Amino acid sequence: MHDAGPSRRTVLAGLGALALGLGAAACDSGGGSGPGPDQRKADDQARVRARAAAVALLDRYDAVIAAYPALAGRLRPYSDEVGRHLAALGGTRPTVPPSAPPEPVPATEQAAVADLAAREQRAADDRIADLPAVGPQLARTIASISASQTVHARSLGSPS
Amino acid sequence: MSTSPSPSSSESPLVRAMQSALDAEHAAVYGYGVVGAKSTGAQQTSARTAYDAHRARRDALAQQVEKQGAVPHAAAAAYALPFPVNTPADAGRLAVYLEEGVAAHLVDLVGAASGDTRVTAAKWLQDAAVAGAAWRGSSVPFPGLPDTPASPSGRAS
Numbered sequence: 027m028h029d030a031g032p033s034r035r036t037v038l039a040g041l042g043a044l045a046l047g048l049g050a051a052a053c054d055s056g057g058g059s060g061p062g063p064d065q066r067k068a069d070d071q072a073r074v075r076a077r078a079a080a081v082a083l084l085d086r087y088d089a090v091i092a093a094y095p096a097l098a099g100r101l102r103p104y105s106d107e108v109g110r111h112l113a114a115l116g117g118t119r120p121t122v123p124p125s126a127p128p129e130p131v132p133a134t135e136q137a138a139v140a141d142l143a144a145r146e147q148r149a150a151d152d153r154i155a156d157l158p159a160v161g162p163q164l165a166r167t168i169a170s171i172s173a174s175q176t177v178h179a180r181s182l183g184s185p186s
Numbered sequence: 069m070s071t072s073p074s075p076s077s078s079e080s081p082l083v084r085a086m087q088s089a090l091d092a093e094h095a096a097v098y099g100y101g102v103v104g105a106k107s108t109g110a111q112q113t114s115a116r117t118a119y120d121a122h123r124a125r126r127d128a129l130a131q132q133v134e135k136q137g138a139v140p141h142a143a144a145a146a147y148a149l150p151f152p153v154n155t156p157a158d159a160g161r162l163a164v165y166l167e168e169g170v171a172a173h174l175v176d177l178v179g180a181a182s183g184d185t186r187v188t189a190a191k192w193l194q195d196a197a198v199a200g201a202a203w204r205g206s207s208v209p210f211p212g213l214p215d216t217p218a219s220p221s222g223r224a225s
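Protein chains in written order, with the working numbering: chain P, 27 to 186; chain L, 69 to 225.
Careful, some of the hints might be misleading.
Unchecked claim - Just a sample of chain L residues kept apart from chain P, beta carbon distances all over 10 Å, derived:
hint	residue
1	110
2	127
3	161
Unchecked claim - Derived DEER-like restraints, expressed as beta-carbon distance ranges:
hint	chain 1	residue 1	chain 2	residue 2	range
4	P	118	L	157	32 to 42 Å
5	L	110	P	135	42 to 52 Å
6	P	129	L	142	52 to 62 Å
7	P	118	L	206	22 to 32 Å
Worth flagging that the hints you see were computed from the coordinates, not collected in a lab.
Since this is a predicted model, take the numbers as computed values, not measurements.
Beta carbons: idealized from backbone N, C-alpha and C, even for Gly.
One chain only, chain P, in its complex shape (with noise of 0.2 Å):
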């Protein structure tokens, strides 16, 4: 879904004197084309998951962005990332509302950034304990969306 084109693997093969040797590695390694059963399931289970924490963190994010509303302009370049990782992940959200109530958004619009930032980091720690089990190309993606959680985390984190 998300494979490496050519701009981005040879990106540093510009800086280098060497011959870098890109291309080769990881989608020919590792047969993305056949699949086990076993691995199929695996990859099933990690993409059901990924996709169920990028709806809440939506949900999250929408919530927030209703009781702060001031905060929309920071929030929505995440949220909107989020999304991606939805589609890219072969998931839509749920056009029902979820059926448990939502969970209060904290009282101040310090914590409840703070709540969002400690939300997205734990999801990019879901994302990498389910790396282990996953095939490459899933790998590829799922390492990826951590990678961009984890820049949402510390982002929000961090005082604007």
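Since the structure of chain P is provided, determine the placement of chain L on it from the hints.
Just chain L now, with coordinates in the frame of chain P:
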């Protein structure tokens, strides 16, 4: 190919990915020397921190390659910069370029590796993404991957 990726002493896909990431880190260490030289103040401090981080990762990758029974690639004698770097702003752009390049190689390593090595590469990718976002001043949705507008399997909206 369908067997478990037990690495041999020859250049298996895993070792190739490690060597490529190592090449990228060699280039980043060189590049951050330039970033630091063209930076001032707090940016120079950030450049030094990044320089140290990439040196540490370079050494860790060299160790990984050695553990696979291969000889780690050495740094190049010289590197060509992707664009002229004369001002602190240029230096900041070079830092973004370096972090993005390293991130792309770390994603490759995540795909090629398994188990703890894969997890380590993914944590390095997190660090590169955080550094890249700090230098860029903004985030990207898929660090290390091409920023494709929508996934084919995405069924967006």
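Hint by hint, which ones does this structure get wrong, listed from lowest number up? 5
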